[in-house]
Structure formats: structure tokens, C-alpha cells
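The listed protein sequences derive, respectively, from chains A and B. Heads up, the first sequence is in my numbering, so the first residue is 3 and it goes up one at a time. Heads up, the second sequence is in my numbering, so the first residue is 7 and it goes up one at a time.
Don't take every hint at face value.
Taking CB as the label site, the calculated pair distances span [claimed, not checked]: (1) Lys-9(B) / Ser-107(A): 21 to 29 Å; (2) Gly-62(A) / Lys-77(B): 31 to 39 Å; (3) Gln-4(A) / Lys-9(B): 28 to 36 Å; (4) Glu-85(B) / Asp-61(A): 37 to 45 Å; (5) Lys-77(B) / Ser-53(A): 25 to 33 Å; (6) Asp-57(B) / Gly-18(A): 46 to 54 Å.
Honestly, the hints are just simulated from the structure, not real lab data. Virtual Cβ for every residue (Gly too), placed ideally from N, Cα, C.
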Amino acid sequence: DQQVKQNSPSLSVQEGRISILNCDYTNSMFDYFLWYKKYPAEGPTFLISISSIKDKNEDGRFTVFLNKSAKHLSLHIVPSQPGDSAVYFCAASDGNQFYFGTGTSLTVIP
Amino acid sequence: DVKVTQSSRYLVKRTGEKVFLECVQDMDHENMFWYRQDPGLGLRLIYFSYDVKMKEKGDIPEGYSVSREKKERFSLILESASTNQTSMYLCASSLTGVSYNEQFFGPGTRLTVL
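Could you put together the complete structure from these sequences and hints?
Pasting the structure below:
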């Protein structure tokens, strides 16, 4: 059973606007979360992370928000750029291994 | 920069063949992982290793085995390939402390089993 879910397989956003990618999880033991970005024909690359003791982490144009009570995290990209077009995976750790979501394909339209 | 390389980008094999997928990392990472990526299923962990000669089953180990004879190299073995093992295979490595260290991924091997 999928413990980490990304319910939107795809998302299209105009350049300069905000992109919001969502991720839900079911396991309350998850205490560390990451976002990865994947371009075609390349492996995923780490983007940003957040510990469960925080509710927000920011790195340049990328901000991750964590709502533990809702078991929900989101990645905000502001402003979105065409080079952000990729598949984004969220991942969660229970201290033993990472569990990945199914991915959301983001297209930023110039 | 960490570099994780995988022996093949594309591989085509026949049902029943024994298949070896090789992964090498150059940053002296203790942990190494094998995932498969399938549409609608995301990345699923097959096996991982904390150290040389050590291995742990992930979520979907059936039909696979692994070998880690040297710290930098982690091999995934399909003893008798089947069509349902057609997938993208991704290798990753990380520093000690699997739960909180980012994983560095290789470019992937797209395996097709006919």
C-alpha cells in the first residue's frame, strides 16, 4: 500500500507564477521529508528537505511546508521558470528507509 | 560532486536470462540502494546495503538478489528475468545514517525483458 501519495500526476503553470506540488502520507512515524527533481534520462536530484520538528523550510525559490496534523506537505516554487519543468518526487523516512511518492510532472509554460 | 554511475543506460534481455546491473559510486558512501521506477508507482526500494557484504531487503525483493563485494560497487541480479521486471532501475548512494541523508542517484538503466 502506498504510504506516500502524490495525487496530481501532472501540473501546468505559466512562467513567473507559483507552482504548488502536493504530497500526502499515511505513516505518522515519518519524521523527515525530502523533495527530488527528475529530468528525463537522468536520476533524481535532491531539492529540499524538512524535518518534522519544523513546518517550513526555504531555499531560494523553493519552499516546503509541512502540516503534520494533516499528514501533508507541499512544495512551492516561486517564480516558476521553464527550467523547473521536470518530475518531482516527495519522499518520507521512518528512520529505516525512504518511501517515495508516485511523482508529479510539472510543465512551466513560457 | 558525488558521481553514481550505472553500467548500462538501456538493456534488452530475454525471459529466463540472468541479468546483472552494476552500480559504482565514487564518494566513499557507506549506503547503497536499488530502486525500480514504474509509472503510477513511483520509486520502490528493492534492496539496500549499509556496508560491504551486507544487504537488506526493501519493499519488493522477490526475483532479485544483490552483491556488494566492494564499498563502491553494488550489483543487482535478476536470476531469471521475467517480463514483469521490465522497468527503470535506479541506483543510489548516501552517507551513513540512511534515514536523514539525501541519496544521490545514478542516471538509471531502462531494462526491457522480452
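(request) Confirm or reject the claim that Gly-62(A) and Lys-77(B) have a C-beta distance inside 31 to 39 Å. (result) holds (34 Å)
(request) Could you see if the CB distance from Asp-57(B) to Gly-18(A) stays within 46 to 54 Å? (result) holds (48 Å)
(message) Verify the CB-CB distance for Lys-77(B) and Ser-53(A) against the hinted window 25 to 33 Å.
(response) For Ser-53(A) against Lys-77(B), whose Cβ atoms are near 28 Å apart, the range 25 to 33 Å holds.
(message) Verify the CB-CB distance for Gln-4(A) and Lys-9(B) against the hinted window 28 to 36 Å.
(response) holds (31 Å)
(message) 21 to 29 Å was suggested as the range; check whether the CB atoms of Lys-9(B) and Ser-107(A) agree with it.
(response) holds (26 Å)
(message) Between the beta carbons of Glu-85(B) and Asp-61(A), is the distance compatible with 37 to 45 Å?
(response) holds (43 Å)
The structure is consistent with each of the numbered hints, conforming to all of them.
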